[in-house]
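Assemble the dimeric complex from its two separately framed chains, guided by the hints.
Single-letter residue listing:
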Amino acid sequence: MALLEVKGLRAKVGDKEILKGVDLTVNRGEVHAIMGPNGSGKSTLANVLAGRLNYEVLGGQVLYEGKDLLAMKPELRAREGLFLAFQYPVEIPGVGNAYFLKSALNSIRRHRGQEELDAMDFMGIVTEKMKLLGLDEAFLGRSLNDGFSGGEKKRNEIFQMAVLEPRLAILDETDSGLDIDALKIVASGVNTMRAKDRAIVVVTHYQRILNYIVPDFVHVLVNGRIVKSGGRELALELEKRGYGWVEESAVS
Amino acid sequence: MPDADPREPYRSDFDRLERELFAGDPPWLMKTRRDAFAKFGALGFPTLKHEMWKYTNVAPLARTRFTPAAEIPGNGLAPEKLDPVVFGKFEGSELVFVNGRFSRALSSIRSLPQGVGVMSLADALREDPRAVEPFLARTAPVDANPFTALNTAFLQDGAFIHVPEGKVVEDPIHLLFVSTAQPQPAVAYPRNLIVLEAGGQLTVTESYAGLDGGVYLTNAVTEAVVGENAALDHYKLQREGERASHIATLEIEQARASTVSDTSIALGGALVRNEVNQRFLAEGGELSMNGLFSVTGTQHTDTHTRIEHLTPHCTSRELYKGILDGRARGVFYGNIIVHKGAQKTNAVQTNKNLLLSREALVDSIPGLQILANDVKCRHGSTTGQIDEDSVFYLRSRGIDSDTARSILTYAFAREIIDLIRVPAMRATLGVLLLSRLPNSEAVREAL
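In the order they appear, the protein sequences are chains D and G. Residue numbers for the first sequence follow the numbering used here, beginning at 1 and rising by one. Residue numbers for the second sequence follow the numbering used here, beginning at 1001 and rising by one.
Okay, chain G solo, but in the shape it has when bound (with noise of 0.2 Å):
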């Protein structure tokens, strides 16, 4: 007998929720949902002979029945159950979703400069869709990826922030996503929209995490629209349960002049893809996309990148580095396109990668596609274990060999902690990473 299509629960699924729960829905969003669908139908899940999925197995994926988390049935969720994931000290607004629901109990949001909106998707479509329809699903593209078509068919909740023009949001925003234990396995699909307009300013830092170790999956898609002269702030910080899977993309476009600063953090889950795909639009733009993973055990992180310079005059600075332990695996797949007449492009590429064990395993495929001829690109890649002739130089000062080992495996995810502008978010992972280190308290005042 033939496997059955693992697209079928998906489409049982969309004709029932079509019908149930997004009739009151406006009819451009059914539309856009329905082609995404019909997307994905076509698209199918992707296999390994896939180029951009060569590295990273969803076949465990599309074999689960993972039921829509919008029905699960309600999201009262006791505060504290959050303490654990928020960040410590946090000076500024939050909104809460829980199993891809907005919890406007959970949620605090502060005072924020006049016409600058911060609500759930699923309020601003419902109480002004006009200001969304512009913007949805512009960004991300449904013919690309098929978790990001499913996301589209089934997005219902996650952030909107919409900066008018000139406005400067001083405070981060905080989106966090938590995950609660099911009877079954549960999918939610996030969809956050971030629209900049001309010279806006806003920090935001995404959080996903698993509250209490169960088997789910978050198919998360943001989009960023970044207009003239506007600055954004992004961070995402992915602490999903050990069981959990966590697909998620991020889309971003520039207009002139604008800069964007990303910094994605990947420490859960057994199966993670993360992928960020950005486009300059005009000239004079600058990019800097971060990341870090840090994994262990049998986790599976996949992060794919993509920086498009479309135009002229703009650049781009891009590092990721990870750390892998046990028999962990890891992907870098980075790809910079310098399409043809986007002179005086400047852009630099680096990924480095740091081996625990003799188990773990990373692929790095750094890449560059340069179709201009006056620009200055660079790309560079290195995989290799704890310098040894450090850990002696430590050890010759009287620190033991486990701590050396820890601190220098804290030292090399410090470039990029230090990147991040959200004290309260900074602390926090510092913390999550020292946490995971051999003699923690003995690296903490070594720092």
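Isolated chain D (complex conformation) (with noise of 0.2 Å):
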């Protein structure tokens, strides 16, 4: 069984259909890319997988692990193992990161019927995890993202997806307003993250971070369809040519 099944999934937001009927199939143990030009639906095929509540279905199926994902609570797919990276993650200032993790981390142990962890227990575990992400230990002690740099909100998710230890993990641009430096560091947190019964996908505009993250598959979304897969060197030959040429092949 397949962990991922997408089939003919549409979707708008607000009045605008944006996924006009996507097709993806996600194996564990596999790195997917999914790129394509700003307003292709990248990021609205992450949301809609992840259940953001402003994205309407409108026909199609997902399955994650033979489950219907979309009658499922944004809570519970996470509970399940469903990961989302934000493009944008948002400030909460008065919550604190350590503990707003470790509540986290315990509603997916209690739901996988696993013990709790104590804060010693946490810390163990957090404290490793940090290493990998470059950050230090006041970072646990500040504020859920509040006031963090672009880089530092970028490796903050990837910091709660190596604690989270999600089956399927989707990186919405993540790479965007990262420097060279910093995008070393986050994809090296994905690569240590790679394992045979875990998959990532990557959504991206540009090509850069599969570089660093290579991928096993190559997907271009255009207007709201993939219409072009393919390994790893479509990506490179995107680079090359830019999206004018699928678009046209897609349109022919």
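Keep in mind the hints are simulated off the structure, nothing from the lab. Worth double-checking, as some hints may not be accurate.
Stated by the list, open to error - Per the computed footprint, the stretches of chain D lying under chain G, defined by three or more beta-carbons under 8 Å from a beta-carbon of chain G, are:
no., region
1, 85-99
2, 235-242
Unchecked claim - Here are some of the chain G residues that sit facing chain D, going by a computed Cβ distance under 7 Å:
no., residue
3, K1049
4, G1088
5, D1374
6, C1377
7, I1386
8, S1390
9, Y1393
10, R1395
11, S1396
12, I1399
13, D1400
14, I1407
15, P1438
16, E1441
Unchecked claim - Listing some non-contacts, in silico: residues in chain D with all C-beta distances to chain G over 12 Å:
no., residue
17, I108
18, R110
19, H205
All C-beta atoms, glycine included, are put in the ideal place defined by N, C-alpha and C.
Structural data, given as structure tokens:
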């Protein structure tokens, strides 16, 4: 059974239909890149999969481990192992990074029938993962994303991913706004998460991040549909030739 | 038949108390009371037509016949009755007042630096009235607010704290005012006088709590006179009973280079009016004036603040937050007045409100009156609901919707909670606020 099976997914935001029939199959152990020009529906796809409320599904089906993903509340999706790294992580003053993450982790562990972690066990896990992302201890005491730089926010997303250990991670434009050093840190964090029971979907406009997170499959999303799929070389070709030629070949 | 004049019962009460209860008081105090009562007689109860009262209707209070709590016999209360309303693990002196009267049995005064006076106002007036006379009713004007006039006319007890020059009181002093249910609605008039001479330092917390849900009115006035280079940390936690009303005024005067921090928390009461009025009388003063009101059901809570920059080079920071659920109504009315000549004033006023239901309502009226030309002042007000993007962010990490909303509500309040530098009060408030939220256990874990 595939980890994720998207069939004919259609969705709208406001009055506008953005996804017009997306088909995508992701198996455990794979890394997929979804590329496309601005407005093609990349972020919409990521958000619909995570369950954001202001996106309305018009048709199609999404199976996650064989279960109807679209019928699940966002928190249930997270507890079932789906993780979205946000393009724009929300700043939440007054909620501590560490406590929030412990609470999230324990809600997932409860769902899985695992014992909850106390502060000590949690710190053990967290300290190790923080090193991975080059985060210092002060980071834990700060409010969630509050006053973080763009790079810190993105690192925090990947840090959360590392702690929550999802089975399906969707990275929504995690590379945007990152300089090359930050990009390398984030990418190496993601790479250590590659595992045979986990799939990663990298949503991106640019090929650059794929130099560091090398995908098994590349899909091109244009105007709400996946119009071309291929291996890693497809991303390089897109970089060379732009999106124009795929769009044209999609029309014809 | 025209409605009876609501002032009449107060007149007969005043005449009776003057003859019976106040008879032994010093003449200057009798004069203060009579002048104040005359002022109340002239002002009458405010109506919605009064600019300062247009958002708060006190007609239900004016109509209710409140017996003076001073005439309620006995205030014997088992100490364990206070358990729900004391601060856990509080390190400091505690003065307890039951229905407005000092209870020696329930109070504990720890050792204090030499010369520092902490006692009930009634004791001070009896034993050393000359220590009180220069300050009492000097800071709280009776001609602006009829409730202050009434409090002054009926004042009898409360706390008197006097910090002589250069004395530093390390431990906080907690003033706890509790009200018990009475067969008839009762009114108490707590009156507190806090005096810091030059260089004095003091932390005071005031708590107002209802013990068993009766109908009563607390009409409280606190005067704080803060001398040169003195520093006052003042806190208030209002958790009156749900059928109670609470009308209170804090008046603060600051001398040269003094520092005052005031944080006022309003949680209880059916009808609540909280006024904080402050004046910078000399240069170099600093003020931090903050508050949080959190109300639900049909509660009405009205906060009126006034900060007066009468002199140059003073700094004021004001932050009030409101959380409104159910059909509750809130008012924030803030006024900063920068007088002519108060150059280099630096003043910031902020009010933020969070509406948790469609029926809740808040009136936010921030205000700045600037009569000087070389100042830095700004004010801002925002009212909104819980941010849905934040809710989704938390849910996307596995936290359920109700818990996410509770977390965000608490996080909103936290900015004010964190300003409280008395650990026992901060902890108590945290627990109180959490206990009002759905899924409080899960929220506690996330904070």
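Here's how the hints hold up against the structure:
no.	hint	verdict
1	85-99	holds (count 9)
2	235-242	violated (count 0)
3	K1049	40 Å, violated
4	G1088	21 Å, violated
5	D1374	31 Å, violated
6	C1377	24 Å, violated
7	I1386	11 Å, violated
8	S1390	5 Å, holds
9	Y1393	4 Å, holds
10	R1395	4 Å, holds
11	S1396	5 Å, holds
12	I1399	6 Å, holds
13	D1400	5 Å, holds
14	I1407	6 Å, holds
15	P1438	15 Å, violated
16	E1441	11 Å, violated
17	I108	5 Å, violated
18	R110	9 Å, violated
19	H205	22 Å, holds
Consistency note: the structure conflicts with the earlier hints numbered 2, 3, 4, 5, 6, 7, 15, 16, 17 and 18.
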